[in-house]
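Same order as they appear, the protein sequences are chains A and B. If you read the first sequence in the UniProt record's numbering, its first letter stands for residue 1, the second for the next number, and so on. If you read the second sequence in the UniProt record's numbering, its first letter stands for residue 1, the second for the next number, and so on.
Since the hints were derived computationally from the structure, they do not count as laboratory data. A hint or two may mislead.
Here are the computed lysine to any residue pairs in the SDA-like style, where the Cα-Cα straight-line distance is at most 20 Å [as the list claims (entries may be wrong)]:
(1) B/K580 - A/A583
(2) A/K580 - B/P590
(3) A/K58 - A/E77
(4) B/K472 - B/R396
(5) A/K58 - A/V76
(6) A/K58 - B/K472
(7) B/K58 - A/T434
(8) B/K580 - A/L4
(9) B/K59 - A/T434
(10) B/K47 - B/S2
(11) B/K472 - B/S512
(12) A/K58 - A/G100
(13) B/K59 - B/E80
(14) A/K58 - B/S2
(15) B/K580 - B/Q415
(16) A/K472 - A/H508
(17) A/K580 - B/A419
(18) A/K58 - B/H63
(19) B/K580 - A/L578
(20) A/K59 - B/K580
(21) A/K59 - A/E436
(22) B/K580 - A/E577
(23) A/K472 - A/E436
(24) A/K580 - B/K580
(25) A/K59 - B/S2
(26) A/K58 - A/T434
(27) A/K59 - B/H63
(28) B/K580 - A/H589
(29) B/K58 - B/R27
(30) A/K580 - B/Q415
So the derived list for chain B, only partly shown, Cβ under 10 Å to chain A, looks like this [unchecked claim]:
(31) S172
(32) R179
(33) E440
Idealized CB from N, CA, C, for every residue including glycine.
Protein chains: 2
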Amino acid sequence: MSHLILSRRDIDFLLFDWLRADALAERPQFAGHDRDTWSAILDVYEKLAVERFAPHNKKNDSHEPHFDGERVSINVEVGEALRAFSTAGLMAAGMPAEVGGLGLPGCIERAGFAFLTAANAGSVAYAMLTIANANLLIAHASPGIVARYVQPMAEGRYFGTMCLSEPQAGSSLADIRTRAVPQQDGRYRLFGNKMWISGGDHDISENIVHLVLAKIPREDGSLPAGVQGISLFAVPRRLVDHEGRLGERNDVVLAGLNHKMGYRGTVNCLLNFGEGRHRPEADAGAIGEIVGEPGQGLAYMFHMMNEARIAVGLGAAALGYTGYLHALDYARTRTQGRRRSERDPASPPIALVEHADVRRMLLAQKAYVSGALALCLYAARLSDDAHSLPDETGRRDSHLLLDLLTPIVKSWPSQWGLAANDLAIQIHGGYGYTREYNVEQHYRDNRLNPIHEGTFGIQALDLLGRKIGQAKGAGLELLSGRIAATIERARPQAPLARHAAALDAAWHRLRSVTASLQSLADAELRLANAAAYLEAFGHVVVAWLWLDQAVAVNAANTDDDFARGKRAACDYFFGWELPKLEAWLGVLHPVERTPLDTDARWL
Amino acid sequence: MSHLILSRRDIDFLLFDWLRADALAERPQFAGHDRDTWSAILDVYEKLAVERFAPHNKKNDSHEPHFDGERVSINVEVGEALRAFSTAGLMAAGMPAEVGGLGLPGCIERAGFAFLTAANAGSVAYAMLTIANANLLIAHASPGIVARYVQPMAEGRYFGTMCLSEPQAGSSLADIRTRAVPQQDGRYRLFGNKMWISGGDHDISENIVHLVLAKIPREDGSLPAGVQGISLFAVPRRLVDHEGRLGERNDVVLAGLNHKMGYRGTVNCLLNFGEGRHRPEADAGAIGEIVGEPGQGLAYMFHMMNEARIAVGLGAAALGYTGYLHALDYARTRTQGRRRSERDPASPPIALVEHADVRRMLLAQKAYVSGALALCLYAARLSDDAHSLPDETGRRDSHLLLDLLTPIVKSWPSQWGLAANDLAIQIHGGYGYTREYNVEQHYRDNRLNPIHEGTFGIQALDLLGRKIGQAKGAGLELLSGRIAATIERARPQAPLARHAAALDAAWHRLRSVTASLQSLADAELRLANAAAYLEAFGHVVVAWLWLDQAVAVNAANTDDDFARGKRAACDYFFGWELPKLEAWLGVLHPVERTPLDTDARWL
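Next up, chain A with everything else stripped away, as it sits in the complex (with noise of 0.2 Å):
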């Protein structure tokens, strides 16, 4: 079964011998690690995967979480799952040692993640997002909010939750409404909804730790306008006394949940906050306490975000990569139809993977997914580099290059592991259309990634309209510079030559593309195919992680079937996929003005 789920030969090649990941521990953070401790501890998520994540995904799917109007009810091989996780130490393990960490480096962490999402992302959501609200309060909360609720989330007693949207503010959070009304005791009393929480309302943990992002009202009582006004808190679904005891329910209450088309495993819900449901009117309102200072909320839950919108890309990539294996395996047992030069219709049928077509829908597959993959190893290296190099420009430049990628990182998976998830479907015929193989819900679970944690759009916007230009395009002349060490070390090889100058054409291309736009002064012109540059952008850096995946194949020097299907994997990314960047930079310059121009009565 392990076999279906990822290519753990993938992941230590992406790992070690390309990313080099052995290399940090020679650095004092990650002191008294090394690459046998790291491959022990992979060998437990792929375990944990294979033995308690991966049975539930189909039960998670048709039994989705229920609302009696009183309580939650969750699978519980959900709660089983998790708590084997924590007891394995996993919540804990990119934590520092203070609350009881194995300070993994993230690529590690991460890369067991994957294994985890493939088997069963509904699941493993609960756990992404407890880590991440802790790492949230680890590095912007009180000693005493740490004390109350990071040591029992990183024991995995404790979940997490992200609460940002509200139904009238999706993607625009300057539109919030939640109200945080402080108190003598100098903690707040919350009162507002909040719309699409994972993980809002269960029994699977003692308690839940939302992050709230809501606005202390002025003294004439309106709320400040934009995102300047917005604060974070700590609002626990039932109080915790000073010596960490549960007391009495907090004022939170589920509204109702959301059915969804996939990720079901995670329950996703809308909660009131200060209905007064649980209390006397007069008591109404969630009881939280600030995190950090007034005002910085959104720059808190951005340190929140960036994680989640790593392990996004990433969950994208570990979907589109189980359904690739899935593809894969049926290709080589099912047979069906012969070859063209095969006369006799009496002589046996073939495997599917025999059919050229069939070898090039597997080929993107592969392409998109582990692609993706190294995409988003890449980022995770990039983020442990940035705590952990000794110098602090290689720290700043890593922070700089993670920062510019991050949009990417987010998006390129979510878009293309979907591609892939359609693909395995494809090749599945018929068979693939049904609930009783796996790749359809693998579809429908992606389908979330283009969405939650920025929209393909918002990722768009935030690339063109900020991150190429922050700190003086000192990110992107950080990229510039990998990719042309890239270039340099491929282009002496013979089968990558080619690659390396096509690399370099569609890099100059975008860079001129680039600053064809950065020249515009009219911000709704320069922005108005802002999609269209993401999707261009994706994938020359795909591009590029295939051409130097392809190096670090050749400088390994062997010639094995793993080491042909990445090189055929990188010579189909270049002669299949690259060529796709003239439609997207066609439209960037000049700008295509259609989309601008058409008036909303025309459609």
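With chain A fixed as given, assemble chain B onto it according to the hints.
Same frame as chain A, but now just chain B:
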């Protein structure tokens, strides 16, 4: 509600302003018809769509057919809707007067079906299959069979199915194993398993007429190999005597339901023929009558399949279209965010449609779904011409062109209508991912269409491997002529001249790549990247039809919102879609060899 199903304005434009369907009334086959009668009939389809089909569309999804081991239960609304449809005379709308039909032109009937499919694809599929089944029998079966089965189908009392695939033979019909053993009385007894039978078992009609592909054993009991050995049989669920009275259950039993990702309103199952469950063993075998001549089964079945392929394309266009209208409605009413130029965070948010990127997604949807609808109605009009043009050359030419276009009519809407459904989800954000809204069901329903009635890959082989060379390329020449005529009309019109030039260049490029492919002697090499050829061909054909629509809009000399919307969608297609062509053609000449040369073990 009607305005969210399909645009009657667009249907009227396509049928009458663009395709000049009213001219059909001048032909003897349609004597007594005119635009007014056709408009009145379209009103009936539209009304049925709104009142009878749409209301239970969601229920079909949430309450799928259930098999308790004895009988299949289906939502009662399905039968009610189909009875209303039959009572209105629509089951026989396109059939000749001899069986009580209205003799409606195919393009009008198809347009009417588009409303029903957009409203409820699952329920209307029973009618589509019944009509296609009856049409095959009218064309190829003996008068006795027609009298016994077609008449009650025309009245909506019997329904029809097509039984081609078997568990071991999906796309490869040469490998079917169902046996048809001749009996003394001239009838046959069938033994075998048929997979993916839509409408295969239910109790909403008095009887079900299965059209079954099977092989007549040789004297030694062996089955003839290849497609030449396939014959076609009419096998009723319940036997019917010569007076049309229903007799005992035939030996056809349901072996299990398939639980699909979508399209759940249409029951789909595995049927066992001749298992002997309903009779003593010596009397086993499903009794059937041969349709036409032995060995001609696949040729006859193509009558139904070609009709079904247009229906699939049309259904995909319709599902894409309703998704587009839902997204447009949502984008006009849901507010979120502000313009770039708006500095005041307290200003009211704007409608989603005011964001350029949302209009891009809406334009893409419009270009896909209205383009797909145009393609399918164009094909239906060709089919009418093939039967009703006064001159034999005209009829033959129409038939050749329709034959050439059929793989595109089947596959382009299936692919891009689905892409439109995906964008409709994206515009809805998180809401679009929930079953509380409609667009995710549209996506799931439509995902069937690239699979059934010949997958995308099969259509690609049909186009490149058969259709372009058919009749020495006569179809391709006819298409060339029609494209050239559109270019000639568009060229003098300033805003369309550049599109005319782009289409001219694209078509010549496609012809040149086609010629280079045809010159390859190695069929394996020639067809390796057939999927890319189908992509490219489809996009050029739809670009042509968009330009042709724009010419028709300009000819009408109106400049209302509808006309401007048509021009904007045409501009979008030429600006954003046609440039994708080079990426597809680039892998065809010379043939990009990665899929061909990749060994299955490397994947």
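Verification of the supplied hints:
1. B/K580 - A/A583: holds, 5 Å
2. A/K580 - B/P590: holds, 17 Å
3. A/K58 - A/E77: holds, 11 Å
4. B/K472 - B/R396: holds, 14 Å
5. A/K58 - A/V76: holds, 14 Å
6. A/K58 - B/K472: The given pair, whose Cα atoms are some 52 Å apart, is violated under the 20 Å limit.
7. B/K58 - A/T434: holds, 19 Å
8. B/K580 - A/L4: Violated, at roughly 34 Å.
9. B/K59 - A/T434: Judged against 20 Å, a Cα distance of about 19 Å means the pair holds.
10. B/K47 - B/S2: holds, 8 Å
11. B/K472 - B/S512: holds, 16 Å
12. A/K58 - A/G100: violated, 34 Å
13. B/K59 - B/E80: Answer holds: B/K59 to B/E80 is near 14 Å, not above 20 Å.
14. A/K58 - B/S2: Measuring from Cα to Cα gives roughly 37 Å; hence the hint is violated.
15. B/K580 - B/Q415: Holds, because 15 Å separates the two Cα atoms, which is no more than 20 Å.
16. A/K472 - A/H508: holds, 19 Å
17. A/K580 - B/A419: Measuring from Cα to Cα gives roughly 17 Å; hence the hint holds.
18. A/K58 - B/H63: Holds, at roughly 19 Å.
19. B/K580 - A/L578: holds, 12 Å
20. A/K59 - B/K580: Outside the cut-off at roughly 41 Å; violated.
21. A/K59 - A/E436: holds, 12 Å
22. B/K580 - A/E577: holds, 11 Å
23. A/K472 - A/E436: Cα-Cα ~53 Å, so violated.
24. A/K580 - B/K580: holds, 7 Å
25. A/K59 - B/S2: Distance ~38 Å between A/K59 and B/S2 Cα, so the pair is violated.
26. A/K58 - A/T434: holds, 12 Å
27. A/K59 - B/H63: holds, 18 Å
28. B/K580 - A/H589: Since the Cα atoms of B/K580 and A/H589 sit roughly 16 Å apart, the hinted pair holds (cutoff 20 Å).
29. B/K58 - B/R27: Not satisfied, since the Cα-Cα distance of roughly 42 Å exceeds 20 Å.
30. A/K580 - B/Q415: The given pair, whose Cα atoms are some 18 Å apart, holds under the 20 Å limit.
31. S172: holds, 4 Å
32. R179: violated, 16 Å
33. E440: Nearest chain A Cβ about 4 Å off; hint holds.
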